[in-house]
Each structure stands twice: as C-alpha cells, then as structure tokens.
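Protein chains in written order, with full-length UniProt numbering: chain A, 1 to 353; chain B, 1 to 446.
Simulated from the structure, these hints should not be mistaken for laboratory data. Quick caveat: nothing in here was measured; it's all calculated off a predicted structure. Be aware that a few hints might be false.
Dumping the calculated DSS-like pairs for lysine-lysine here, alpha-carbon to alpha-carbon at most 25 Å [said to hold, decoys possible]:
1) B/Lys248 / B/Lys390
2) B/Lys274 / A/Lys216
3) B/Lys311 / B/Lys177
4) B/Lys133 / B/Lys332
5) B/Lys431 / A/Lys216
6) A/Lys216 / B/Lys177
7) B/Lys146 / B/Lys438
8) B/Lys172 / B/Lys311
9) A/Lys179 / B/Lys172
10) B/Lys172 / B/Lys368
11) B/Lys390 / B/Lys377
12) B/Lys274 / B/Lys438
13) B/Lys311 / B/Lys368
14) B/Lys261 / A/Lys216
15) A/Lys11 / A/Lys179
Anything over 10 Å on all C-beta distances counts as not near chain A; from chain B, calculated [said to hold, decoys possible]:
16) Leu115
17) Gly269
18) Asp442
Note that CB positions come from ideal geometry on N, CA and C, so glycine has one too.
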Amino acid sequence: MNFDLADQADKFVMLLGGLVAFVVLVGGLLLVLDVIPTRLATRREARLAAAADAGVPIAAGAGRGREGWLAAGFLAPALLLLAIGLIFPAVRTTILSFMNRDSSAFVGFDNYTWMFGQPDIQAVLLNTLIWVLVVPTLATTIGLIYAILVDKARGEAVAKALIFLPMSISFVGASIIWKFVYAYRSGEQDQIGLLNQIVVWFGGEPQQWLLGQGYKLNTLLLIVIMIWIQAGFAMVILSAAIKAIPAEIVEAARIDGTNAWQMFWRITLPAIRPAVIVVVVTITIATLKVFDIVRTMTNGNYETSVIANEMYNQSFRYGETGHGSALAVFLFVLVIPIVIFQIRNIRKQRSEA
Amino acid sequence: MAVKSRPRQALAVATALGLVLTAAACGGGDDDSSSAGTGDCSTYDAYKHEGTEVSIYASIRDTEADLLEESWAEFTECTGIAINYEGSGEFEAQLQVRVDGGNAPDIAFIPQPGLIKRFADAGKLKAVSADTKTKAEANYSADWLKYATVNGQLYGAPFGSNVKSFVWYSPKTFTEKGYKVPTTWDELIALSDQIAGAGGKPWCAGIESGDATGWPATDWIEDVMLRTQTPEVYDQWVNHEIPFNDPKVAEAVDRAGTILKNDKYVNGGFGDSKSISTTAFQEGGLPILEDKCTLHRQASFYANQWPEGTKVAEDGDVYAFYFPAIDASGGKPILGAGEFTVAFADRPEVQAVQTYLASGEHANTRAKLGNWVSANKQLDINNVANPIDKLSVGILQDASTVFRFDGSDLMPASVGAGTFWKGMVDWINGKDTAGTLKYIEDSWPK
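Put together the whole structure using the sequences plus the hints.
Shown next as structure tokens:
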C-alpha cells in the first residue's frame, strides 16, 4: 500500500485536464456573455442614431427580437435542466404514487389511503407537523432575540460568530455531536453523554433520552438539533435587516419617547417584517425536508420518523415505490402553499417599492 | 441482512484506506503476493477472457473485502479478466438505485433471497449459465440453491455463509465458576437462573445497528421459532402461509421475551432490558470479557467483533456453543444466512467469474486466507483455520443438520427489513407481543 506518486501520474493528468476544461468552458461562457450583449447594444445605438439622423420615427422595441433570441438561448439550458431534473421527476413521481409496489399496475388512491390509515405513518405525519410548527417558530424567535441583544453590543462579531458556527456544520455532523450529548450509560457506569452527566450531577438517574418517555420528548430532542443549526441563519439575516433600518426612523422614535418594548413592536419588527418572512419560509421548507438528522439519530425508530425519512425507507429500502411516491407527493403538496405565499409576498413588496 | 455478515466497525478511515488499497492494486498488480496460488495457470484455462472487465458490487468491506480481492488475484492474472470490486455500507438501497437507474453492476453478492426474487421478477437478473449451474448443483445442497431459485430458474450460486445459532461465552469464566455448557434449553435457563441468583446478569444483548437497528432481535425470534415449532411451520411463517400474529409465532416471541425482556437476565453491563435497543450490536457481547455478563446469542461472524488479542477458541477467552434445542428429539435446527452471486449481465466473462466463484477452488483459496465460512461441499475443513469458522463449516456440512435461512431475509423487504425490525425495537421497549405482531402482520404487502 505504498503510495507511488509516479503511478498516479495519469490521475493527475486527468485532474489537470478537468481543470483546464473548466477554465476554458466557464471563461468562454463569461466572455460570450460579456461580448455579445455589448455588441448588440452598440449596434442598436448605432441604428437608433442613424434613424434619428434620418428623421425616421423609432418604433418601440425595435431591434429587440435579436436580444430576445439571445435571452432564450441562455435560458434554454437552464429550462432544459429544470425539465429533466425537476419537472419530469415530479410528474413521474406523481404517476408512480398511483401505482403499486413495483410500478406495474395502477391502484388508484390505495397508496394514499395506506398513508393516512397506518397508525405508524400517522405518527410520521404528526411528527412532521410538530417539526414544522416548532422549528421555524423557535429558530426565528431565538435568532431575532439574539440579533437584537447583540446589536451594537461590545464583541458583537464574536457573539455572532459563536451562534453562526453550527450553521457551518453539516446536518449529519451536527447529529453525531448531539448523539454524544444524549448518549446513555447505565447508572453504575461513567456517563459519556453530557445531558446524562448533568442529570447525574444533580443526583438523578440517567435517562435513555432517544427512546422517548411520552409527550414526544425524543422528537423534541431531535428538533433541538435543527434549531441549534438554524438559529444562526435566522440571526444573521435578521441582524442585517435590523442594521438596515434607517437611523432617522429610530431617532424620531427615540425623540417621541418610545421605550424598548414599543421600539421593538412598533419600529423594529414592522421594519424587518420582509426579512422575518423570508427566514420563516426558508426554515419551514428546510424543516419539511428534514432527513439527515432523523436518519442519523434514530433512523425513525422509537416513533421519531418524519416524511422524508419514511419516503426514503419505503422507496429505496423496502422497495415500496408506490408508498414512497405517495409520501413524496404529499410532501410536495405541503410545500406548495408556502412557496406560493412567498412568491406573492415578493410580488407585493415589489409593487410597494 | 447483509450487515450481519460483516464486521461493521464502519470506520471511514478504513474505507478510505480500502480505496487507496484498491487504487494501488489497480495500478500495480504484479507486485501483490498472491500467496494462496500455486502460480500454475492451467486450472484457469476454462475461464480465459483476455482483456475484459467484470464489476462486482457487494456489502463486504474493509479487511474482508481485501481478503476477497486477494482470493481472486490469481484468477485475474491467469484469465485476463480484471475484477472491479466495490463494497458499500449502503449496499441494499444503493443496489436498487443503481439497477433502476440502468447502472447495474455485472455481479452482485446479495444476502437477501427476497431481494433476488424482486430483481428476478422485474426481469433484471440473468439466469446462470449451464457451467455455473452444474458447479452450483455439485457444490451446494438443494436447500441452498432453493433460495436463489425464482420460478424454477436458478439466478446465482451461494457464496459465503454464516451460522447464527450460537451462544457466545467465556470458557475461562465457565471453568473458574464451574459452569457447564448447557445442551438443552432447560439447562440454559437453569444456568441463567444460577447466575442471576448470584447477583449477576447472565445475558447481554444489543440490537442497535444504524439504519438496520432491530435485526439481531429478529434473529432471536427466528432461532426460537425453529425451536418451539417444526421447520415446516417456520417455512409457513416465512412464506406468510400463516399470519405473522399466529399464536405459534406469539409463543416463540414470548419465549424469547422470557430472556430478552427479563430485567433479571439482561442487560449485563448496559442497563435494563430497554438498553438492548440502544446498544450497538458490535458492542453487545463485549461485557463478557469484563465478566459483566456470561451469555450472548449471536452469529459466527461475531468472532470479528472481539478486540484484538482476544483468543477465540474452546480453551480461549471467548467461544460459542450451539444455542440448544428445546426438544432434542427434533434434531438440531440451525439458523444461518449467506450471500448469493447473481449477475445482471450475461457477457461470457461475467459468466466465467460467476462460475469460478461457485467452484471449490475459489472457496478453498478464500478459506485459506482466513475468516471465511461457506456451505460449499468442496470446502476442505482443514483449510479453515479459525476455530469458530471450523465449527460453523462442520455444522453446515453435516447432513443431519436441519438448516433454515434467516427468515427476515426471505420476507418482503418492507417486512423483513422494515416492520419486523421496527416492531422488535418497539417490543424491546415495552410494547406487548400481540400488538407488535399485529403491527407487523398489518404491514405485510398484499
């Protein structure tokens, strides 16, 4: 197993080739993107000037056709990829959700009745609901409070970096860290889990946290991980929004004699409303899709499964393509209203601006 | 479940190391010491296909994968067939993705007959060549071939196997405390009571295994099922000819529960009986070495889990005895499992590799490298070094053995790798037998 550099030469050549290809392709594309529109614009200007010289009235949108083609040309690859990567699979998944296990015959709504009829799948849906309700609310709230507290405080950068750090860890990495926090060893042994060690210090019995002792405790403990990751994201966006509030407004409010409480509810919150909505929507969609945390921590055992995890298991591990597709479609349907809300929101902001 | 047949130390480092090794093997090739070979290529004449490549995909990783590649090094050299081996911890799910995505490997080692049937029904698998069939029929018993036969068509030869009906113990502790290896179920329970009476915990167990959590408990149930019922009833249960919540199954589950759910018996070194579901199966038996428990029912491949330096032998630190039958008159039922070499392509070189893997030559070459058990009749027991492997091969080759394949691997995946595992986890955590079995029965695909 001695690693001979010369032996690997062909791989390095390949790597170099790849790099060169990348530079040529991307550089070329950037060049084209820069040159063509500039040339088209110069030409149009020249034409307009010529027309003006000749005293010919200029039709609105004249000479736009060519630029339209250009735009279509640049959009086409993206549209094509979108069709292959998103639209086609979505349609296919929807069709599969009405078919049986191995997609050989149509079964109508059987997969959907299965989904809402099985107690363990009902538990999955309930868990997803809990996730979606708790994570965006708490993550945004914590992020907001933190952003306001550290705003203009001493050591703001360090304080922000601290809470933003979890963002940079992958979900799986974060889950493994928290697995150690929740780890269990029986009373007579040394605890390796932080939470149980704290319990033991206070004279308690170590608990098997992830097994769940009612009230969905284990699901909530998994939710903590997601909040830990997402609060940083919320904090960063909201902090930027707070800083963007015009100083005059804040000053005017101060002069009018607002206290901190009024300042928050009457000035800060309305001013950063668009940012809050973006944060909530983004976290909600991320939460609906949560998979890594559940799979790493419990793989959906002990009634902690969520839709995305169950979808993966049904489709790829159990070979129940119909069931998996139905779950996927349901997840898709759940996301749609949020996306529509977000789009309408953006439109409204634009028309207001 | 394939997980059962491989040590899952699952170290990313080891995987990375394996990749480097593979890469190195691809580059060089000439310098590897194919120790097992005689250097004589004439035995491989029938398999020659110069300049061809065959890809193999399986769940076997790390050290075992290295041994596997070593076992066919000479074959590759003599026949000119390069074998690209890839082992994955996500084998079961990824294989389906690859096959459905039109990127199937040439050969896969599938440990679940249920999965073989699904691929065969979908028309993805190629039936074995006449040569492979002849070799497979000569080298393996009809019992084993049955598992790779779908609609009368043979799709692969058995390959590696393991024996699950073992109880691990420490011969040292047994001698010190004067315990005797139990040969009947009653003696086993009497021994457990004796240990529990002295204030110890006789059993330890662990069923946590990542996304496969629960499988060791299904093995328990299957093993007890073979002891409380006849093999015929076991077959009916596996084939869903009797419902999953049949009273006969409930009886077996309850009997397993007298050990697994008995806080006086379990879980030595880990906590109460609920701790079974959060204890990694790899660590499940280790307290035996610290004398925190005495007995651990687990398959032959658990030999790989003992820390380095542990002597696995009849007079060593750990060894295993046969999980005793309840009624000795019914013979010695054995629960086991193994992989099958199925092909997704029928190019001549693929068939040649498949045939070679079914041969006695390969089985012996592989066995000489260590850590290998197979039901191959040509396998010379003298080539098997490890005592527990020797014991297993002996049992597999014994004609009087009543062998049954791991039931959960035969069931449809949504049960065998899904609700059965999940149900067992819930059962260990306190759910009652009737509720658990009904949950599994309701999930059986109609």
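Structure-based check of all given hints:
Between B/Lys248 and B/Lys390 the alpha-carbon distance is near 34 Å, which puts this suggested pair outside the 25 Å criterion. At most 25 Å may separate the alpha-carbon atoms for a hinted pair to count; B/Lys274 and A/Lys216 meet this at roughly 17 Å. The hinted pair formed by B/Lys311 and B/Lys177 meets the criterion: a straight-line CA distance of about 19 Å does not exceed 25 Å. For a cut-off of 25 Å, the pair hint linking B/Lys133 to B/Lys332 is broken: about 29 Å separates their Cα positions.
Restraint check for B/Lys431 and A/Lys216: the C-alpha separation of about 16 Å stays at or below 25 Å, so the hint holds. Between the alpha carbons of A/Lys216 and B/Lys177 the distance comes to roughly 45 Å, so the proposed pair goes past 25 Å and is violated. Between B/Lys146 and B/Lys438 the CA atoms are separated by roughly 29 Å; this puts the pair beyond 25 Å, and the hint is violated. Between B/Lys172 and B/Lys311, the direct Cα distance comes to roughly 11 Å. Compliance with the 25 Å bound is thereby established for this hinted pair.
For a cut-off of 25 Å, the pair hint linking A/Lys179 to B/Lys172 is broken: about 36 Å separates their Cα positions. As the CA atoms of B/Lys172 and B/Lys368 are separated by approximately 28 Å, the hinted pair breaks the 25 Å bound. The straight-line distance between the Cα atoms of B/Lys390 and B/Lys377 is roughly 14 Å, inside the 25 Å bound, and the hint therefore holds. Distance hint between B/Lys274 and B/Lys438 is fulfilled; the C-alpha atoms sit about 21 Å from each other, no more than 25 Å.
Our distance criterion of 25 Å between C-alpha atoms is met by B/Lys311 and B/Lys368, whose separation comes to about 19 Å. The hinted pair formed by B/Lys261 and A/Lys216 meets the criterion: a straight-line CA distance of about 23 Å does not exceed 25 Å. The straight-line distance between the Cα atoms of A/Lys11 and A/Lys179 is roughly 38 Å, outside the 25 Å bound, and the hint therefore fails. The Cβ of B/Leu115 does not lie farther than 10 Å from every Cβ of chain A; its closest approach is about 8 Å, which violates its non-interface assignment.
A cut-off of 10 Å between C-beta atoms contradicts the statement that B/Gly269 is not in contact with chain A; the least separation is 8 Å. Residue placement check: B/Asp442 does not keep its beta carbon more than 10 Å from all beta carbons of chain A (closest about 7 Å).
Hint check: violations occur at hints 1, 4, 6, 7, 9, 10, 15, 16, 17, 18; the rest are consistent with the structure.
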